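Using the sequences provided together with the hints, build the complete structure.
2 protein chains.
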Amino acid sequence: MTTGEEGPGNSVYLSERGNSIRLHEGILQEGYIQYGMDRHHDTDNPDGIINMGTSENKLCYDLLHKRLTKPDMLHINPSLLQYSDWRGHAFLREAVAKFLTHYCCSPNPLKADNVVVMNGCGSLFSCIAAVICDPKDAILIPTPFYGVITEDLHLYSDVKLFHVPLDCEADGKDNRPFRLTVGKLEEGLQRAKEEGLTIRGVILMNPHNPLAEIYSLKEMITFLEFAKRNALHAIVDEVYMLTVFDESVTFQSVLSADSLPDPQRTHVMWGMSKDFAMAGIRIGTLYTENRDLVEALAKLGSFHGVPGTTQHQVAQLLQDKEWINEEFLPENRRRLKAACSYMTGELLSMGIPFLDRPATLYVWADLRKYLQESSFEEELSLWKCFLRHKVLLSCGQAFCCSVPGWFRIVFADQQHHLQLGQYQQHSQCLLPVKKDNAGSDNAATVNPKALAENNSSDQLKERDSPVPDTGSLATEDCQASKPAESLDTLIGTLRHQIRSSDWLEKSTPELSAGEDPEIFDVFKVLLQRARK
Amino acid sequence: MTTGEEGPGNSVYLSERGNSIRLHEGILQEGYIQYGMDRHHDTDNPDGIINMGTSENKLCYDLLHKRLTKPDMLHINPSLLQYSDWRGHAFLREAVAKFLTHYCCSPNPLKADNVVVMNGCGSLFSCIAAVICDPKDAILIPTPFYGVITEDLHLYSDVKLFHVPLDCEADGKDNRPFRLTVGKLEEGLQRAKEEGLTIRGVILMNPHNPLAEIYSLKEMITFLEFAKRNALHAIVDEVYMLTVFDESVTFQSVLSADSLPDPQRTHVMWGMSKDFAMAGIRIGTLYTENRDLVEALAKLGSFHGVPGTTQHQVAQLLQDKEWINEEFLPENRRRLKAACSYMTGELLSMGIPFLDRPATLYVWADLRKYLQESSFEEELSLWKCFLRHKVLLSCGQAFCCSVPGWFRIVFADQQHHLQLGQYQQHSQCLLPVKKDNAGSDNAATVNPKALAENNSSDQLKERDSPVPDTGSLATEDCQASKPAESLDTLIGTLRHQIRSSDWLEKSTPELSAGEDPEIFDVFKVLLQRARK
Chain A
1 MTTGEEGPGN
11 SVYLSERGNS
21 IRLHEGILQE
31 GYIQYGMDRH
41 HDTDNPDGII
51 NMGTSENKLC
61 YDLLHKRLTK
71 PDMLHINPSL
81 LQYSDWRGHA
91 FLREAVAKFL
101 THYCCSPNPL
111 KADNVVVMNG
121 CGSLFSCIAA
131 VICDPKDAIL
141 IPTPFYGVIT
151 EDLHLYSDVK
161 LFHVPLDCEA
171 DGKDNRPFRL
181 TVGKLEEGLQ
191 RAKEEGLTIR
201 GVILMNPHNP
211 LAEIYSLKEM
221 ITFLEFAKRN
231 ALHAIVDEVY
241 MLTVFDESVT
251 FQSVLSADSL
261 PDPQRTHVMW
271 GMSKDFAMAG
281 IRIGTLYTEN
291 RDLVEALAKL
301 GSFHGVPGTT
311 QHQVAQLLQD
321 KEWINEEFLP
331 ENRRRLKAAC
341 SYMTGELLSM
351 GIPFLDRPAT
361 LYVWADLRKY
371 LQESSFEEEL
381 SLWKCFLRHK
391 VLLSCGQAFC
401 CSVPGWFRIV
411 FADQQHHLQL
421 GQYQQHSQCL
431 LPVKKDNAGS
441 DNAATVNPKA
451 LAENNSSDQL
461 KERDSPVPDT
471 GSLATEDCQA
481 SKPAESLDTL
491 IGTLRHQIRS
501 SDWLEKSTPE
511 LSAGEDPEIF
521 DVFKVLLQRA
531 RK
Chain B
1 MTTGEEGPGN
11 SVYLSERGNS
21 IRLHEGILQE
31 GYIQYGMDRH
41 HDTDNPDGII
51 NMGTSENKLC
61 YDLLHKRLTK
71 PDMLHINPSL
81 LQYSDWRGHA
91 FLREAVAKFL
101 THYCCSPNPL
111 KADNVVVMNG
121 CGSLFSCIAA
131 VICDPKDAIL
141 IPTPFYGVIT
151 EDLHLYSDVK
161 LFHVPLDCEA
171 DGKDNRPFRL
181 TVGKLEEGLQ
191 RAKEEGLTIR
201 GVILMNPHNP
211 LAEIYSLKEM
221 ITFLEFAKRN
231 ALHAIVDEVY
241 MLTVFDESVT
251 FQSVLSADSL
261 PDPQRTHVMW
271 GMSKDFAMAG
281 IRIGTLYTEN
291 RDLVEALAKL
301 GSFHGVPGTT
311 QHQVAQLLQD
321 KEWINEEFLP
331 ENRRRLKAAC
341 SYMTGELLSM
351 GIPFLDRPAT
361 LYVWADLRKY
371 LQESSFEEEL
381 SLWKCFLRHK
391 VLLSCGQAFC
401 CSVPGWFRIV
411 FADQQHHLQL
421 GQYQQHSQCL
431 LPVKKDNAGS
441 DNAATVNPKA
451 LAENNSSDQL
461 KERDSPVPDT
471 GSLATEDCQA
481 SKPAESLDTL
491 IGTLRHQIRS
501 SDWLEKSTPE
511 LSAGEDPEIF
521 DVFKVLLQRA
531 RK
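For the record, the sequence lines run as chains A and B. Everything in the first sequence is counted per UniProt numbering, starting at 1 for the first residue and increasing by one. Everything in the second sequence is counted per UniProt numbering, starting at 1 for the first residue and increasing by one.
For the record, the hints were derived by calculation from the structure and aren't laboratory data. Please note that a few of the clues may not be correct.
Identical copies carry no separate label here, and so any pair may be met within one copy or between two of them.
Stated by the list, open to error - Think about it this way: if two alpha-carbon atoms lie no more than 30 Å apart in a straight line, the pair counts; the simulated DSSO-like pairs of lysine-lysine are:
(1) Lys160 - Lys70
(2) Lys160 - Lys136
(3) Lys218 - Lys136
(4) Lys160 - Lys228
(5) Lys70 - Lys111
(6) Lys136 - Lys193
(7) Lys66 - Lys184
(8) Lys70 - Lys384
(9) Lys193 - Lys337
(10) Lys184 - Lys98
(11) Lys111 - Lys384
(12) Lys160 - Lys66
(13) Lys160 - Lys390
(14) Lys337 - Lys66
(15) Lys136 - Lys58
(16) Lys98 - Lys337
(17) Lys218 - Lys160
(18) Lys337 - Lys70
(19) Lys321 - Lys70
(20) Lys218 - Lys184
Just so we're clear, the structure is a prediction, and the values are computed from it rather than from any experiment.
Here it is in structure tokens:
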């Protein structure tokens, strides 16, 4: 039997599938690997890569350190060291159910039996795909979306994503760019069927990654009704639910609904990675009323188990409402808000449009004016240019965005901001100023409107020009227009202003409360340098 | 499209694959689930199931508690809370490499780059199968074997095991029952090819599960040479390597070889579950020089990640040679030896044959005399009978043993022994005495020979009769012979003697050293009751 071992770059030691897995490389993974080999470090590697591409919240390690080193975290009993229920220990599922009941404002107490805990949401995606889909089946997803889900569904479970592209220009109805509608979902489903695919579900993210969009419960219900009409599973990813940092905005979980359109096909994901800034703790949770799904997931759970000791620690944390409500959440929100405000202020001052949303750890920014032409090759060149200059961002094609030139920029990085400041001396002209290509002055800057309410008509506005009232995405509209600055100015300005940032000054005292002397020392050194 | 949803017991919410996964139930899993629903507990559930089926070492929680609650375990830094290398943090891979270099007696320092750490060896089996095999490919394995590997290879990766049955009777050469030979491997490979299967590798366990057999390095090298001749990957599972409790016996890892026959196709597995009695900590490690394999595994690593905090703790533990060498290993071995000696003494006194091996946490015992007839239905009935009477064992068919009537009995359970003692009053006649069916008095007891050296001719001897010098497995030979005791006597005797066990008295003082007051209290109560 031949096994595809003969292909270029293939290993004779691996199977066809193994070679395919080994050689698979998404842009997000590639960037992260490069970052892994050349991480910026203040003293050890000052010329290393600064990571604004990975969605991690690096603003709250002091708070986490303080809590995670309290004595209740160091608990051992025999059952924690033994094999356990592959859905997670009962005590943890109980804690998760209570936590979600409270923070998702569920009208009725959620049940521990409906909770499955695994080592990350990627594992949950993989498992769910394996049990609701057969190989080669597909799941609908609006684009852009968090690109790693492609691998989560494909690598083990051989399930495809079928893309439902969202327009980057606001449509005529409520002027929201990248607006998700039931019509688009229906249209996508129809297309998939025409292509002969079996669609088993739809993935919905709220708050959205990478858009940071917050959908109202009413909107979500209409999406869930679409799923019900078509007997699709709805996988609702709410891993950013506690990152909403504008007090005037309320996130509404689908679990807050009095009743779900199709509870047996609605599965809600949450985890510690984003809301509690602990991607490294490997905790993803699923809430579903579907017993069959829970039973099937339990069978795969042995591949995705979480150490008993970690389960204990997470349960302690989730049960500590005082810490969550009085310490962590308010401070985290304050810091996220300040960091976002600083970042968006910089983008504004440089005339870079972006979606202004008070949630998540990143902004979705329109760098189309820096592309020589509107192509994904050009976008990739720009991404590589940033990487060459040791700044890792995430470009739109990594999220399967249908229009080139959009980037996700993570702002939730305190130490990184300071490090950027240090880098200022290296700031040089990185790219030639893009030639003005048949554009107007449109789309160069943005109206800094905060999202006042979920259904607001906030939008990506253009300077001196109303948003064009077109529902479709014209190539010309997506072409970058006359750039106000060159790319080196973008980077240089960011670096310069970060160092002298008012935000930095204001934010400092609270940030230095960490108990770990090592962290505190590093912080102090960085701070002094940044203030020079 | 139909999806098999219509089958009996199938869920309309799951795919064909999903239903197959959900409805899949091995005997080991079934037993564990029943145990999970009805665990014995001294006060809360005194009539619950006593677990002698799951291979866990429950003898050393006091030692582990003491070590795992030391201050160095409670360490937090930002990198532990962030995404990391999916092969495991560098500091942990470094610690594993040093640990294996020392305890496997590697002639050269093992390299951290050749180490992959995942959340358990099941995850490693799943990943390795995915990347060295295509769907429907197969891997050779001698039977009996640790049955869960079937699911590890099949559930996600759709890889089969091809069985190479070992004879339960000693063959003519060295009188070792269940003897593994190159000839049997060659024969199995030939059969597999004739059946049109693509065989990609062979799984070798040393010390063996469930046989507890210890293979010499010389033997292992001949197996590895077989693999090399046939271009098969050799997956060498050494997870019980530190459980050898007879000082006169030395375990030799394949990593101690001066050179391996085919280093690019030799992959050595180890983990914390057995040797450090921490199945719940979810740590499996792989050592391989094959860079392609490591790269491919890294791609699947996101599904099998270990929390950074746990990685730190495990690294601390593995680096603490003083604790390992001076405290844990000697005491663990002493307790394992005592527990094994007690268990085998009981089996001997009841005339139950077993493989007498100074390693692992279990004995492989011949309960054929309790079968009404030599069939797997009968074996299952016996297993269910034990379970009805609240004793969970593992029967041979769960390990794909080719002859019915063999059981794996886990002895490494201190608390459990005490609990069994409490149960004595419930001891009743469980089964009718088996009718004498055409057998002699053979095979009713065993000669209690300890394994004096790796190549010793220790064997499963029969009372008043030499081992029959036949290399093949005849059905008649495997029929149970005239039983000396009924099954209720077996259980009753075990329970009675456990309570009055001399071993218990001797072992007590060291066992009560735990720092956790809760554990200590429970222990004291159990002890008092057991001594009544």
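For each hint, the structure was consulted:
no., hint, in the structure
1, Lys160 - Lys70, "neither (44 Å within a copy, 47 Å between copies)"
2, Lys160 - Lys136, "both (6 Å within a copy, 21 Å between copies)"
3, Lys218 - Lys136, "neither (33 Å within a copy, 46 Å between copies)"
4, Lys160 - Lys228, "within (21 Å within a copy, 37 Å between copies)"
5, Lys70 - Lys111, "within (29 Å within a copy, 35 Å between copies)"
6, Lys136 - Lys193, "both (13 Å within a copy, 29 Å between copies)"
7, Lys66 - Lys184, "neither (46 Å within a copy, 59 Å between copies)"
8, Lys70 - Lys384, "neither (43 Å within a copy, 46 Å between copies)"
9, Lys193 - Lys337, "neither (43 Å within a copy, 64 Å between copies)"
10, Lys184 - Lys98, "neither (35 Å within a copy, 56 Å between copies)"
11, Lys111 - Lys384, "neither (47 Å within a copy, 32 Å between copies)"
12, Lys160 - Lys66, "neither (42 Å within a copy, 49 Å between copies)"
13, Lys160 - Lys390, "neither (33 Å within a copy, 46 Å between copies)"
14, Lys337 - Lys66, "within (22 Å within a copy, 44 Å between copies)"
15, Lys136 - Lys58, "neither (38 Å within a copy, 44 Å between copies)"
16, Lys98 - Lys337, "within (27 Å within a copy, 45 Å between copies)"
17, Lys218 - Lys160, "within (28 Å within a copy, 48 Å between copies)"
18, Lys337 - Lys70, "within (28 Å within a copy, 38 Å between copies)"
19, Lys321 - Lys70, "both (15 Å within a copy, 27 Å between copies)"
20, Lys218 - Lys184, "within (17 Å within a copy, 66 Å between copies)"
Of the numbered hints listed earlier, those contradicted by the structure are 1, 3, 7, 8, 9, 10, 11, 12, 13 and 15.
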